[in-house]
Amino acid sequence: MKVAEKKAWIGRRYIIQSKFIQKFRNEKFLHILILPTIIYFIVFSYIPMYGILVAFKDFSFAKGIAGSPWVGFEYFEAFFRSMYFMRLIKNTMLISFYSILWGMPFPILFALLLNEVGNRQFKRVAQTVSYFPHFVSVVIVVGMMVTFLSPVDGIINILALKLGFEPINFMQESKWFRTLYIGTGIWQDFGWNSILYLAALTSIPMEQYESSKVDGANRFQQAIHITIPGIMPTIIILFILSIGKVMNVGSTKVLLMYSPAIYDVADVISTYVYRKSILGGEMSFGTAVSLFNMAINFILVFITNKISKKVSEVSLW
Amino acid sequence: MKRKILCYLLLLGLLLSAVACGSKSNTGSSENGTENTAAEITQPAATESIAEDGYSLPIVSEPLTLIFLTRESEDTGTSFNDNKALVWQEYEKKTGIKIQFDAVPSSNLEETVQLRLAARQNVPDMIQIPGQQDGSYLTKYLQDGVIIALNDYIDKYAINMKKVFEQYPVYKQELTLPDGSIAGIGDLRASKYQFRSQMIRMDWLEKLNLKMPATPDELLKVAKAFVTNDMNENGKADEIGMAGYGDQWKELGHAWGLHFVTGSGMTVKDGKVIYESITSQYQDFLRYLKKCVDEKVFPADWISVDKKTNLARIANSQVGIQVRTPAEYALTYQDPNDSMKKNDPEADWRIIPAMDGPYGKGIFVKEAVAEIWRTVVVTSVNKHIAETVKWLDYVIFSEEGQRYNMYGIEDLTYKMENGNVVKISSELDNNKPLKDGTWLGYQYMPGIYTTEGDEISYAALNLSDDNPALLSLKACWPYLEEPFVAPIPSLEDGKRISELNADIITYRDEMFYKFLTGKADIDKDFANYIKQLNSIGLNEVMDIYQKSYDNRSNASK
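Listed in order, the protein sequences are those of chains P and S. Counting in numbering that gives the first Met the number 0, the first sequence runs from 0 upward without gaps. Counting in numbering that gives the first Met the number 0, the second sequence runs from 0 upward without gaps.
Computed list of chain P residues with no C-beta within reach of chain S, every gap over 12 Å:
1) 21
2) 23
3) 52
4) 89
5) 108
6) 185
7) 187
8) 191
9) 197
10) 214
11) 247
12) 292
13) 293
14) 304
If you want the footprint, here are the derived chain P segments under chain S, 3+ residues with CB under 8 Å:
15) 146 to 160
16) 256 to 262
Subject to a maximum C-alpha distance of 20 Å in a straight line, what follows is the list of computed PhoX-like cross-link-like pairs (lysine-lysine):
17) S/518 <-> P/174
18) S/1 <-> P/27
19) P/27 <-> S/3
Since the hints were derived computationally from the structure, they do not count as laboratory data. None of these values were measured; they are calculated from a predicted model. We put the CB at the ideal spot given by N, CA and C, even for glycine.
Whole structure, please, built from the sequences with the hints as guidance.
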C-alpha cells in the first residue's frame, strides 16, 4: 500500500493528510476491534518465540534462558544421531500423508451427498449427528478401540470366532496400526471437517446449475463439473494447511495405542521425545526437536503453496 | 466525545483485567511471603549459625506453614487438599508445623514438578518426587540449585536419621549422590517380607490333583492345564494360565538367576557390573517365554494388557498364576477384610517356591534398601530449612513418627501393649475415609520397613505359625538376594547415559517382543542383537556404570 503524503496548510494548522492516516481514521473502530487479538498474538505467539533459544542452549532451570550456556546444534545432532531417526521421520510422515490422503475425500464426499438431500430436516439432523464424534476425547476413542478389538473378549473378535475365523490381535500387529489410527481419525472428524465444505457449497452461484440443466446435465454431471470445481479453492487451501501439520502427529493418540511390539510403525517423533525426556527434564532436546519439526512443516507448506500457485491460481499467499 | 472516552476506558479496563487474571502469583512459605526471584534460586539459603544439636517437640514456638508438593491420595474418596487427614493433623499438633498440601495426581506429578522448577513459579518448600530409578535427576536439580544438600542439617539436627544411617549403612550409601551430598530421602526397605515372587492358586492345583510345580517346565504344564479346564466353573473358557501386564513376564526369569531389577536391568557379580539382557541365561529364558506364548498360557493380549484389566481378571477368578506379586500379598490375601478374599473366599494363593532352573535354584529379589521412587527433597526457596529437616526427621525416622506412618493413631488404630504395637482393626484402616471425609492419610511419606515392623503389621491377621501361605513365604528366605542398585552417575555421565539409554531401551524392548512373537529367531539373531546394542552404545553405558560402581565401593571403604 503506497502512502501518498500530502502536506497542506489548512488554516493555521499544519496537517499531514495521507491516504493511509485518513483511511485509518475512517476505520478506526475496526482497528480497535481487532486490537485485542493482535495483542494476544504478540504476547502469546511472538514474544514466546524467544524461547526458541532454548533449543540452542543447555538449558537449566536455575540459570534461566539468558544464563544458560550456548551449545549450538548439539541437541539437533543428538537427535539426528539416534539410530531411529530415519524410522521416526518415516513413521511420522507416513501417518500424516496417509491421514491427508484418506482423510480429505470423506468430508468432501459427505458434504456433496448431504447437499443432494432434499429433506432439510433430515439434512440438519444428519449434519449435527456427524459432529458428535469430534467432541469425544481421544482417550475415550482409544478406550473404545481397545475394548472392541480385544482378542480376549472384544466384540469384533467374538464375531470373528463365531464366523469361524481366528481372533486377530489388532492392537499388537504392526499392519493394523495405521489403518486403525487413520480410520478412527476419519470417523471422528469427517463431520466436523465437512462444515467448511458445506459452507463453500452455498457460495456456488445457482445460475451455473440452472444453465447446466438447460444443457441437459443430470445431477451426477452437475456434481462433477460444477460443484467440485466450485469448492476447489477451499479444498486446496485446506490441503495446504494440513500439509503444514505433517510433522505434528500428536503424541496422545499414538501413546495410547502403541506398545514396544509395534514401535516399528507406531513410534513417531513426539512419542520418542516423550520417552526420552522422561529420563530427565530435557527441555533443550525437546525444544530442538520441535524446532526441527516446525522448520520441516514450514518448508513443506512453502513448497506446496508455490506449486499450487503455479498449477491453479489458488494459494495461501 | 464522551462516548468515545467511555469506549476507550472500557477497552483499557478489559485489557488490564485480562492481563491481571493471567498472571500467577509466586508462592513460597506463606508465613513469610517468600519471593521467587531468580536470585533466590541461584543462591542456596545461607547456613544459619547452627546453634543446638537435635531438637525437641514442638519444633517451632510460633506457627509455621510449609508448602508440600506431593502425590495426591490414591485411596478413593480422600484427598490431601481437603486437610482431613488425621495423621497429618497429629503431626501438626506435635511439631507446630502446618503442612499446606499441593497434591497432584501421581500421573501428573513428574510433569508438574519439572514445569514448576523450569518456570520457577509456585515452587513449594518440599517436594515428594516420583523419581526415576537412577537418581541422576537429583544431581541435576542440585547442580541447578533448585534443591539443596541436607548433609550439614542432618548432622546437626536429624538425630533419628543418623541412628538409622548407622544401623543401615547401605541405605546411606544409596541415598548419597556422587559428590557426597544427600539431597533426597526415600524409603528404607530392610524387611524380609518385601520381595517379588510368583503366586499360584493352590485350590486350582488341588482341583486338578497336581503338585506344586518345581521347575519352569512343570509350571508351564500346570498353566496349560489351568487354561484348558474350566477352573472357575462358569462355563466359559476364560481362564488365563499366567497373568501379568507390561513387562512383568520377565519376573519368571528368577528361575534363571536373572534379577531384572526395575530400571537398571543390571546386576553385579564378582565386582563386575553385568547387563542382564545380553547374557546367555537371558537367551535361554527367552526360549522358555516363547514356549509360553506359543502354548497360549499368557492371555492373548499379553503385549498390551494394562494394570487395571489384569487386576480385574484376577479378582474375577480367571487367573491361576500371577507372574509378579509383592511377597507380602501372600499374607494380605489371607485377610478376610481384603477385597481378594471377599471376592473369592476359596482362592488359596501361595508363593511358588524357588524352582530348579537350568542354572541352579531360582532366586528371589528383595526390594532395594533405599527406594528412591518416592523421594522427599527440600527446595532452595525454603526459608526454614532447619525446621524442615527436623520435621522430616520426626515424621520419617523418629519412633513416634514411624508409628504414625505405619500404624496410624494410638488408641484408634493400634495400641501399645508392653512396649509392643498391637493393631486394632478400625474403619479407618487402609486409608478408608469416614462418611465426613476424615481419613488417616498414613503411609504416604517415605517409610522405614523392617522385618520386625512388618511382623507387627501382620500380627493383626492372626495367622498361625504353620499357616501354609506364611510358610510358603518364609521358604523363600534362603534364596533372597539383594538387588543391585545402580550407582548414581555424575552429571555429564548422566546426560550421556540418558541420551544413549533412550535408544538402548527402545531396541531392547522391541527385540524382546520380536523374539517372543517369532519375528526374530532366538538362536540365530541373538548375537546380532548383542552387536546392535553395543553399537548403539551399551558398551559405553556399562563402562560408565562400572566406573561409578567402583567409585562408590571405594568411597565406602
